[in-house]
Structures are given as structure tokens and as C-alpha cells.
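Chemist: Here are the chains, one letter per residue:
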Amino acid sequence: MSVETSTPEQSGGTDRTRSVPSLRGSRCTSCANVAFPAAVGCQRCGSRETTSLELARDGVVWAHTVQRFAPKSPPYVPPAEGFQPFAVGYVELRDGIRVEALLESVDHPNYDALTGATVTLVASEPVPRFATREWLAAHSAGAEGSRR
Amino acid sequence: MSTASQSPSPVAIIGAGLSKFGRQPDLTGRQMAVQAIRAALDDAGIAWSDVEVAFGGSDGSGLADTLVADLGLTGIPFTNVKNGCATGGSALVAAVNAIRSGTAEIALAVGFDKHPRGAFDPRPEDWGLPAGYGEAGLMVTTQFFAIKIARYMQEHGISERTLAAVAAKAFRNGAINPNAWRREALTDEAVAAAPMVNDPLTQFMFCSPGEGGAAIVVASAAAAQRLGARQVRLLSAVTRTRGFGSFEVFAPSIQGQGTPSSVSSDAARAAFESAGVTPADIDVAQLQDTEAGAEIMHLAECGFCEHGEQEEWIASAATEIGGRLPVNTDGGCIANGEPIGASGLRQVHEIVTQLRGEAGERQVPASPRLGFTHVYGAPGVSACTVLEAVR
Numbered sequence: 001m002s003v004e005t006s007t008p009e010q011s012g013g014t015d016r017t018r019s020v021p022s023l024r025g026s027r028c029t030s031c032a033n034v035a036f037p038a039a040v041g042c043q044r045c046g047s048r049e050t051t052s053l054e055l056a057r058d059g060v061v062w063a064h065t066v067q068r069f070a071p072k073s074p075p076y077v078p079p080a081e082g083f084q085p086f087a088v089g090y091v092e093l094r095d096g097i098r099v100e101a102l103l104e105s106v107d108h109p110n111y112d113a114l115t116g117a118t119v120t121l122v123a124s125e126p127v128p129r130f131a132t133r134e135w136l137a138a139h140s141a142g143a144e145g146s147r148r
Numbered sequence: 149m150s151t152a153s154q155s156p157s158p159v160a161i162i163g164a165g166l167s168k169f170g171r172q173p174d175l176t177g178r179q180m181a182v183q184a185i186r187a188a189l190d191d192a193g194i195a196w197s198d199v200e201v202a203f204g205g206s207d208g209s210g211l212a213d214t215l216v217a218d219l220g221l222t223g224i225p226f227t228n229v230k231n232g233c234a235t236g237g238s239a240l241v242a243a244v245n246a247i248r249s250g251t252a253e254i255a256l257a258v259g260f261d262k263h264p265r266g267a268f269d270p271r272p273e274d275w276g277l278p279a280g281y282g283e284a285g286l287m288v289t290t291q292f293f294a295i296k297i298a299r300y301m302q303e304h305g306i307s308e309r310t311l312a313a314v315a316a317k318a319f320r321n322g323a324i325n326p327n328a329w330r331r332e333a334l335t336d337e338a339v340a341a342a343p344m345v346n347d348p349l350t351q352f353m354f355c356s357p358g359e360g361g362a363a364i365v366v367a368s369a370a371a372a373q374r375l376g377a378r379q380v381r382l383l384s385a386v387t388r389t390r391g392f393g394s395f396e397v398f399a400p401s402i403q404g405q406g407t408p409s410s411v412s413s414d415a416a417r418a419a420f421e422s423a424g425v426t427p428a429d430i431d432v433a434q435l436q437d438t439e440a441g442a443e444i445m446h447l448a449e450c451g452f453c454e455h456g457e458q459e460e461w462i463a464s465a466a467t468e469i470g471g472r473l474p475v476n477t478d479g480g481c482i483a484n485g486e487p488i489g490a491s492g493l494r495q496v497h498e499i500v501t502q503l504r505g506e507a508g509e510r511q512v513p514a515s516p517r518l519g520f521t522h523v524y525g526a527p528g529v530s531a532c533t534v535l536e537a538v539r
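Those sequence lines, one after another, are chains A and B. Going by the working numbering, the letters in the first sequence line up with residues 1 to 148, in that order. Going by the working numbering, the letters in the second sequence line up with residues 149 to 539, in that order.
So that you can see chain B by itself, here it is in the shape it has in the complex (with noise of 0.2 Å):
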């Protein structure tokens, strides 16, 4: 079934690391994405000066190509990206494509941020948009998100219930995650009588803008197996941007009719075909969850189950570890905040700890086998990949 071989040539992630993520006053956003380098590359039992060509960036927190300062100056290309929510998925692709095109024979990418406390407040000039829209409070992304679920629950029968659990779930997954930044289980009744937001999400069902670092190293197969890596392989790595009639944040109108299309959904369908794998082949996923309504809907966006059926795969408990397809095993975004530009790398590395049977409390039982990572964000970009373990 899964096959490197369909792949034009197989890469292999060798190394994955991060900083600590959630709230570091004392270092910046590039010292984060040092530390996740370092981790990454001691992770590959490599060193810097091994790496031949490397791609990262943030969203607010430096170029990524100055970070050889601290790292050594080797002399390699360092592209910097520059890609919201798909920052890390995008330099994943561009190190990934380096592998397979022979340009080179071991890639790095990373990803990093250091937000400022409360939501985001991006310009409207920026996003193409009158000023208006600033001036009448329309640039905040929470609205976009609740506008979303609102009419999805109206759609599909999910109940507020499950929006509580959803959350709860990554409180509890990231009070067993050493690395998360919020470690205290929820329950239920906590998450669902926290202050209201943006109707019908509470406080406690968003992520918050946050901090971290990290980092992944791939490597072709040849020189993977020279390094006796402790390799999974990667047999996707899709990035998509949005298509016609989709629903996306800052948006001053949906144009077209009928059910909005998905981003989430075009990168998914690519990154199954293009791995030879299909959704329900998937024993470990992460799947964004800006708020607990975004992973309740990503779940089908990314074919693991039909539109509403979330309403009894969360009842059932089917995306607890342990559960038919754990999600988020590491507490999601809920629990280690959203760093943009490292949120796309840090579910990598969950999926690779999870792949090597490394992630200690929070392990999926029974080997794992195949992995699959979702990032969605504005203006509408989705980043999927799909890994396999090799044992």
C-alpha cells in the first residue's frame, strides 16, 4: 500500500527538533529557533556543517537566514519563507524538493515565533482590504473561526458539547506533554463555563498566539542509510492555496454558492495521493486546532470521517490516545499556543515521536504506522504531509 516507491525518490526526516514552547521572556524568537536547530541536528546525530541547503521563516520574529550567525557560517543557500500558517510546511516542501530534485543530500527546515500577548492585529492594508475594516473591529481572526463552526454545528448537528470536549481532550493531552506550554487539565464543564469570546467558542477553545521553535532535518535515502539515521520516511509533503467559493479568514465576502470549498481538503486529497495511502490508513494525526470547532471540522475537511459523524467519534472517545485515530496527541495549538511559523514543524515532530514509539506518556499504543499532519491558516493556505515508521 504505502510506497516510497510511487514517490519520485524517497526522503527520509532524520533528525526533528524543538524549543520549549509557551512564554520565554528572556530569549527572542530566533534564540528559540536555534535551540530547535541544535535539537534537530543532535536528534540526526549530525552537525550544522553536514546541512547543504536550508528554508525556514517566521511571521513576526526575524529572517531565518540570519540565524547562521549562531549557527556557523558553512556558506549554504538559506532561503527564507515567508508563508502564514504554512511557513513551516513550505519550507518542508522546498527541503523536500531539494532532496528528490539531487540538488541536495541532507535539507533543513524551521519554523519559528514569539507573539505579543492577546489575539493578533494585522493591518487591513495588508490583506488587500479597505481601512474600514480595521476601524469597525472586522480584523480579528477569532470571528472568522466562530462564524465558521457556528453555521457548521447549525449544518451538521454538532453540539456545543463536543466543542467543550474537543478542548478538554488537549488540556489533557498536554498535561502529559513535557515540552506543552499549558499543562493543567480542563474538564468539560471548566472549558464550556469559561467567558464566551466569539459565540459559541469560550475562552478555553482557542488557542492563544504563543511561542517555540522547530525544526526538521530530511535526508535522501542513500545518505540516510549511510547515517544510520533513525529515519521515518516521508511519503508527502503538500502545500495548497485556497480555490474558488472557499470561506477564509478576513474575508469581506464568499463568493459563489452552495457549501464553501476547502483548502484543508485540496492539500489532504493531494497528500494521500501522492503518498498511495488513503484517510482511514492513518493511525496518528494532527490536525489544526486553532479552536476545538477547527479540529472537529478538519476531521472531515480531511476525509477521515463524513460531515456531522464528528458528533459520535468524539463521543466515543475515537481521538483520545488510544482511541481509532488519536488527534493532537501533544495538546495541539491549544496546549502549545500557535507560534505561526512553527506550528507546521512542531506537528511533524509529534507524528515522528509518535512513528518511533518516543513519546513516553502520551505514546499511541500498538506500533503506530502511518502519520499524517494538518496546518490550515490565513489567507487560506493548508499544508499536509504523510509519514511512515520504519521499523
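The shape of chain A in the complex, shown without the other chains (with noise of 0.2 Å):
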């Protein structure tokens, strides 16, 4: 499961009130293997220590698709606009395991331009969200006249 940490780490140092977003998971105190959502026990040694782990968050889209039909509701819960084709895919993270994760590109939901992406975790909750650079740019918040 995805938490915000309770002192998460600032990439530039300035901000101090905006909480950065983290994924929680855990390694695998026999063999190393890492774990997300965090686990009680190893996949691949069947060890059952575990210790937690603060997963990185950046990392390469290994795979992806556009949900281009709105999910059966329950469980999906639409926007209040509505449903919108979104992606969703897999991030290959340096930590050794490739995380599900909803996806943001600029001309949302942009199929090409996520293969092979680059992307930067936006939201743990209530599933992981990363977004490409040029996202992260159109978006930046407090940047006043960067947004495209």
C-alpha cells in the first residue's frame, strides 16, 4: 500500500509545505527482492522478514495501454466530468520492479509518447500516478506562465 511519508524528502530543498509523494514498499531481508505494495512474505524465497522500503520515483514506462472504455461502476468511481480514455501501465523503477501505474502524458491520453517515457511519480493514492517530463512542466505548480 502506498503511504505518504511523514518526512519526505524535498528534490529541491525549497519547499518545505508541499508533501512529496512516495510508494511504500519492502525488501526482502534473505534474498533482497523488492515488493510493492509492501509484503509480509518474499515471492521468490518464501522468507517472512521483510523490512520497508521507500521505492524510487522515477522510472521508465516498460509497457502501457489506454483504457479506452469506462470501467463497470462499482468498483470504478468516474471523475465528476465524466469518464476519459486514460493510460495505465507498468514504470520500471531502479530498485528492481516494474510498478502498475495510472500515466500522464500532454494531449492526455497520448499512447506514443509514453513508450519507453520517462516519468516521475505524481500520486500515490489511490493508486500509483506518474507523469512524462512535459507533463511535469504543463503542470507545474506556483510556476506562473510555464503552463503550456
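Everything labelled a hint here was simulated from the structure, so no lab data went into it.
Partial pick of chain B residues on the chain A-facing surface, computed with a CB cut under 10 Å:
(1) Pro278
(2) Gly280
(3) Tyr300
(4) Pro400
(5) Ser401
Ideal Cβ positions, reconstructed from N, Cα and C, are used throughout, including at glycine.
Given two chains presented individually in distinct reference frames, assemble the corresponding complex, making use of the accompanying hints.
Modeler: Okay, structure coming up:
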């Protein structure tokens, strides 16, 4: 399960009020296999001992698709403005794991722009959400005039 | 080469039966199961009272052991199986083991389902996932298949044209299968031009949740001989769950690095080893085709070709009826729909029909001798069989 960290790392070091999203996984104390969400046992070696691990916030899109029809509700909760197609895929992190996530790109959802894209974590709830550099530049909060 | 003598003790399929597949508003899933069982019993030339033990189930259409109310209260042990897409396969393995152990001489496996229209809508809690995965719209099976084939196409040079060709073959085969749901042949172009559902897969590349029942009667070699049955020899039946590093439906992550492992590869390898044959020996196959990409990937995962060779295989019509390895001659899940409990035994029914030479217009030429079946499903299960004609 993803959680907000109590002492979030700050990439720029200047913003002390904004919490930075993070993903909490686990690492096996026997074989070092990484799991997400955090696991109580290791899928690789069966060990019962794991330690908490904050996963990398940057990664590369390993593979993805675009969800073009509205999922059944429940359980799906569409946004207030109604269903819009969205991209979903797996982001490969340097921790040695690929994490399922919603994917944001400009001209959303842009299937081709996400192929092999470098992406950054922008939310951890209700599920991990990563965005491309272009999306981040267009959505950087407080950077007045930088929005495209 | 093949050989029943390598098996613990020979097992014969002496009867196979199906209900109609596709929407049947006036029938319940249980009624389709009873139809399939009666068809299998008639095919074997036996009565329900001859069956000594039974196994079966559905994913969402009721308990198999309640079927005795319609079949007859003979008092036999009847075990319910609920194993996702491997439900039919697991029921068959249990029936085979009952024969091999000497517990019974005649055993039955049955699978059935009747799903509502539209995509499956599972609850995240049932899959050990936080509720957020459902709210965010990630509990959708089609996403997994699309993401898997998208990566595969990129790594192994499979084209969108090949995806369309595989789906069009399914509709063509369905058109000449009187029991299929989808009986209208579609061109490659029509498949490719259909609305995109999950890139790179269009609407007509997917199977739909559907309706149907399937039943198989197995017997010891002695019982098959005594009954004078038209038997097909079951060389192996294997089920497996996923190994480490696999990529599955509803996976919040893929653990490990490199190419994900494949439960289909594990199950197929075990089935071939147990049967004492190789993929190259197989004359006709049924491969899980949840969507067109799955059939393509399963060709390689089950050992029939190298990864990437499918592009040439499909272009040269290798998997068509009359090709070097006809695949899903009855139209597969794409043309028959996916009643989860029934699909695995539908596959076995089709191979039995082909090995007996009774498939009519869709019969594989030149008397196929060895057949193979493969199902794959969530959360990482696979069931495979190897069957041999007896002439």
C-alpha cells in the first residue's frame, strides 16, 4: 500500500510545506527481492522477514495501454466530469521492480508519447500515478506563465 | 514416441459433450451443464449411474454438485472445483487421478458458466488488493492482455496486421462450427478497423464473457475396452500456478527483473514431459485466446515456435486448418465466448473431435494423431493436456 512519508525528501530543498508523494514497498531480508505493495512474505524465497522500503520516484514506462471504455461501476469511480480514456501501464524502477500505475502525458492520453518514456511519481493514492517530463512542465505548480 | 506406458496408468477419454455456446436467455448455467453431461454420457454410451466419481465447477453460475438433482441421486462423491480459468482443467486432472489411483474406473469432469454482458467486474478485495485499484479503474482484465501484447510486439516484432489475422481466423473457424457463438466470418480489415478497446487491441480481437457447458468422461483402459468405447488416449493433464517473476492479471507490480516468467510455459513443459512427446509432434492445438495477442504469445510460451517467429507463422497460414499446426479449429474463445468454467473442457472436446476425425467442415486433414490443449487465466494459472488418437 502506498503511503505519504512523514519526512518527505524534497527534491529542490526549498519547498518545506508541500508533501511529496512516495511509494512504500518492502525488501526481503534474505534475498533482497523488492515487493510492492509492501509484503509480509517473499514471493521469490518464501522468507517471512521483510523491511520497509521507499521506492524510487523516477522510472521508465515498461509497457502500457489506453483504457478506452468506462470500467464497470462499482468498483470504478469516474471523475466528476465523467469518464475519459486514461493510460495505464507498468513503470520500471531502479529498485528492481515494475509498478502498475496510471500514466499522465500531455495531449492525454497519448499512447505513443508514453512508449519508453521517463516518468515521475505525482500521486500515490488511490493508486500510483506517474507523469512525463512534458506533463510535469505543463503542470508545475506555482511556476506562473510556464503552463502550456 | 508417445506413450501411454510412460504414464502411471493409461487413461482414456471415452465421452465428450457440449451445450450450445453463446447467449441462451432461457437457460441457466446449471441447465447448460446438465446438457453437456448428458451429451458426454451419450457420446460414451453410458448412463449417469455408471459414473463413479465426478468433479466440476463454475466461476459464477452455481455449484456443480447440485447437478445431481437433475442427473440422479446415485450417491457418488462429487467435488466442487473453483479455480478460475483452470476450473475445467483442475476438474479433469482430479478425474484422471481418480482413475490412475484405482479409486474409480469411470469419472466425469464438468465446467460451465453464464456471465452477464460486458467485461468482468471483479472486486479488488477478493484479489488481495486495496479498494483504490477498483476505484481507479484498474480492475479490468483487458488492460493486462493489452499491456502484455504491447510489450511483446515491441520486443519481438509482431505487427498489428498479425493481431487482426489471428482474430479473423477465429471468426472464420467459428463460421464453420455449428456450435459456436460467433458464426459470421470477418476480414482482417474489419477486425483492424473495429473500435480500439485497449491499445493495440480492437473490439473484435477480444473474446467476450459468454455462456456454455462442457463435460468429459474418462475411464481406465480396462473399462474403455470393456465398454467398446471410441476412445482417445489422455497422455497427460497438468495444472500449474505461477512461478516467481510472472506478469499476471491485476498485478500491482511485476517483481524480479528481465522477461517475466510464464505459467503457461511451466504447465506446457510439464505436460509434454509427462506425455513423452515434444511440441513438434503435435498435429492440432487449442491455445487460450482471450484475445488475438494471447494466442500469438501462447504459441511461443507453449514451445511451438521461437518468440517472434509467429509473424512468419501467421503470414504463411501455419495455424489455419490445413496449416502446419492448426490452432483453435473451433474458433476458440474469440468465436465461442468465454464461459470461464467451461472453456478448458471445450478445448478438450474439440481435440477429441478432431482426433476421432469427426469435425466435419473444420476437420484437420491427414488424420491428426496428437493434440494439445492450453488454458491460461487469472491470477496466474494454466492447465494443459496432451491427447492421442487411438485407431
